[in-house]
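> Using the hints, position chain B against chain A.
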Amino acid sequence: MTHKIEISGVSKWFRRNGEEIPAMRETSLAIEEGRFVSIIGPSGCGKSTLFNIIAGLMPPSTGKVMADGKDIVGTTGYVGYMLQKDMLLPWRTILDNIILGMEVRGVPYKEAVERALPLMEKYGLKGFDKHYPRELSGGMRQRAALLRTLLYDRDIILLDEPFGALDAQTRLTMQNWLLQIWEDFGKTVLFVTHDIDEAIYLSDDIYVFSSRPGRIKSKITVTMERPRKTEDMTSPAFMELKHHLMDLLSAGHEEEQIS
Amino acid sequence: METARKEAFIVHAVTPAESAAGSSKRPEVVPYILDEEGLERRRSRRIVWGRAAVAVLVFLVWEVFTRIGLLDSYYWSSPSAILRTTWTQITEGTLLRDITYTSGSTILGFVFGTFLGALLGLSFWWSKSYAGISEPYLIILNAMPKLALAPVLVILLGIGFFSKVALAFSMTVVVSALSAYSGVKSVDPDMEKLMYSLGAKRHQVFTKVVVPWSMPWIISSLRINIALALAGAIVGEFIASSQGVGRMIMYAGTILDINLVWVGVVVLSLLSMVMYWGVVVLEKWLSKGLTKQ
Numbered sequence: 001m002t003h004k005i006e007i008s009g010v011s012k013w014f015r016r017n018g019e020e021i022p023a024m025r026e027t028s029l030a031i032e033e034g035r036f037v038s039i040i041g042p043s044g045c046g047k048s049t050l051f052n053i054i055a056g057l058m059p060p061s062t063g064k065v066m067a068d069g070k071d072i073v074g075t076t077g078y079v080g081y082m083l084q085k086d087m088l089l090p091w092r093t094i095l096d097n098i099i100l101g102m103e104v105r106g107v108p109y110k111e112a113v114e115r116a117l118p119l120m121e122k123y124g125l126k127g128f129d130k131h132y133p134r135e136l137s138g139g140m141r142q143r144a145a146l147l148r149t150l151l152y153d154r155d156i157i158l159l160d161e162p163f164g165a166l167d168a169q170t171r172l173t174m175q176n177w178l179l180q181i182w183e184d185f186g187k188t189v190l191f192v193t194h195d196i197d198e199a200i201y202l203s204d205d206i207y208v209f210s211s212r213p214g215r216i217k218s219k220i221t222v223t224m225e226r227p228r229k230t231e232d233m234t235s236p237a238f239m240e241l242k243h244h245l246m247d248l249l250s251a252g253h254e255e256e257q258i259s
Numbered sequence: 001m002e003t004a005r006k007e008a009f010i011v012h013a014v015t016p017a018e019s020a021a022g023s024s025k026r027p028e029v030v031p032y033i034l035d036e037e038g039l040e041r042r043r044s045r046r047i048v049w050g051r052a053a054v055a056v057l058v059f060l061v062w063e064v065f066t067r068i069g070l071l072d073s074y075y076w077s078s079p080s081a082i083l084r085t086t087w088t089q090i091t092e093g094t095l096l097r098d099i100t101y102t103s104g105s106t107i108l109g110f111v112f113g114t115f116l117g118a119l120l121g122l123s124f125w126w127s128k129s130y131a132g133i134s135e136p137y138l139i140i141l142n143a144m145p146k147l148a149l150a151p152v153l154v155i156l157l158g159i160g161f162f163s164k165v166a167l168a169f170s171m172t173v174v175v176s177a178l179s180a181y182s183g184v185k186s187v188d189p190d191m192e193k194l195m196y197s198l199g200a201k202r203h204q205v206f207t208k209v210v211v212p213w214s215m216p217w218i219i220s221s222l223r224i225n226i227a228l229a230l231a232g233a234i235v236g237e238f239i240a241s242s243q244g245v246g247r248m249i250m251y252a253g254t255i256l257d258i259n260l261v262w263v264g265v266v267v268l269s270l271l272s273m274v275m276y277w278g279v280v281v282l283e284k285w286l287s288k289g290l291t292k293q
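Top to bottom, those sequences are chains A and B. Residues in the first sequence are numbered consecutively from 1, following our numbering. Residues in the second sequence are numbered consecutively from 1, following our numbering.
Same shape as in the complex, but just chain A:
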């Protein structure tokens, strides 16, 4: 079976002050189409580096990245990529921001708007098309950023801690919103987070990264039923998995303190 995206033996080394420092050790991931996959790990373990490599913004020191059977190392624009900062252009209206991906690809303005407006309506941004980013709350801006990523129309989406800067209440709303969108569009999602609860709640699979230099310590498949509901977050099954992950991650912390 061809996986939707396959990362094999990817590592990244940097040169600092003449020394070669590993940021990420050989990492391999194989993800099937339509799965929601989270990556959790301590800060600085290389999660964002991995994303940069997959998005083609940075070449790996070793290894390959295959998507749909093609080598996409160094190819930008193959996957959708969303950062923690919403990166909405402050001088553009929300609508003009959302169509940015299509605009870059040369889609005519009218057509782009026609595709964007119904999505805005359906997913909670109705009426905000002429507003500017500074007029919106953090949660709304992240929705706009995500819609922009969606409209860029790639099967694979990378989300790098998109809800990290939001308050807890908003985060919960956004998580449910994201799940809704994922169900509606069937994208293959790679999601980086610090938040164990978030990883368990959202994902099909969770990869646990060790501390720097990062490598995959463990892969866990979440077997809780979908669609997930907020009450699931306090179920015994959830708590058990959460304990397991917390142990895994704190073991990683001790490693870091010793070394």
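Just so you know, these hints were derived from the structure itself, not from any lab. Virtual Cβ for every residue (Gly too), placed ideally from N, Cα, C.
In silico EDC-like pairs for lysine to aspartate or glutamate, Cα to Cα no more than 16 Å straight-line:
| no. | chain 1 | residue 1 | chain 2 | residue 2 |
| --- | --- | --- | --- | --- |
| 1 | A | Lys85 | B | Asp188 |
| 2 | B | Lys288 | A | Glu135 |
| 3 | A | Lys4 | A | Glu32 |
Facing chain B, a subset of chain A residues (Cβ under 10 Å, in silico):
| no. | residue |
| --- | --- |
| 4 | Ala55 |
| 5 | Leu89 |
| 6 | Arg92 |
| 7 | Gly101 |
| 8 | Glu103 |
Just chain B now, kept in the frame of chain A:
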């Protein structure tokens, strides 16, 4: 009424706010609400009246002191004399043509200098090496008083209109370039990353992110540029010119017509105020939607 649940928490009963029935014995309490908007309005009015009063006072004192001899009217002229001379210059002299000449060279130099300077500063985004090599030379050019080059420029380009435009241009172009470059240096790398992740080519990143991002920096240099352009035009006229307000001041100085000198000073002040106000309007128009968080 408190109810304890298991061993983890206690739920307290909260009494609701005073109902109308409960406070029938006491009179209504009027809340104290500060009228901040009213205070603001009164202050604004005070300020407007105060400004008008200062202007009137200055002219009044000037006129009166000249008439009673506290100020020597030979050196200080007087508001009435200035008005009279201005009227003569308009009707029998060339004042209006001079104003047009000076304004024209100022505005042309300002527009070209700002525009080309901004382009130069923005071009530094394309290559860090090219930017690094050019930057110190730009800083030197900025530090150098371009007005000192005025005689050279007049010799090179003649005493006509063009040399004044060139002077105004030289004053503004470097400031603009450095301002635009400041903007370029501060572009958020994550924003560039976003564009590249959307598959954008370099020139798209330039037009869609770098230029709009740097606009506030360019706009902030406009106010200083207009003053510099005017100064450049005037100095050019001082050195050699057949027309213009600067020439008029110079001429009046040489023939010791102090009234006329003051007319020139007043006209210049008014001119610079009008141009400054024009730039403020321009700023507002350019900034529509450009303000950052």
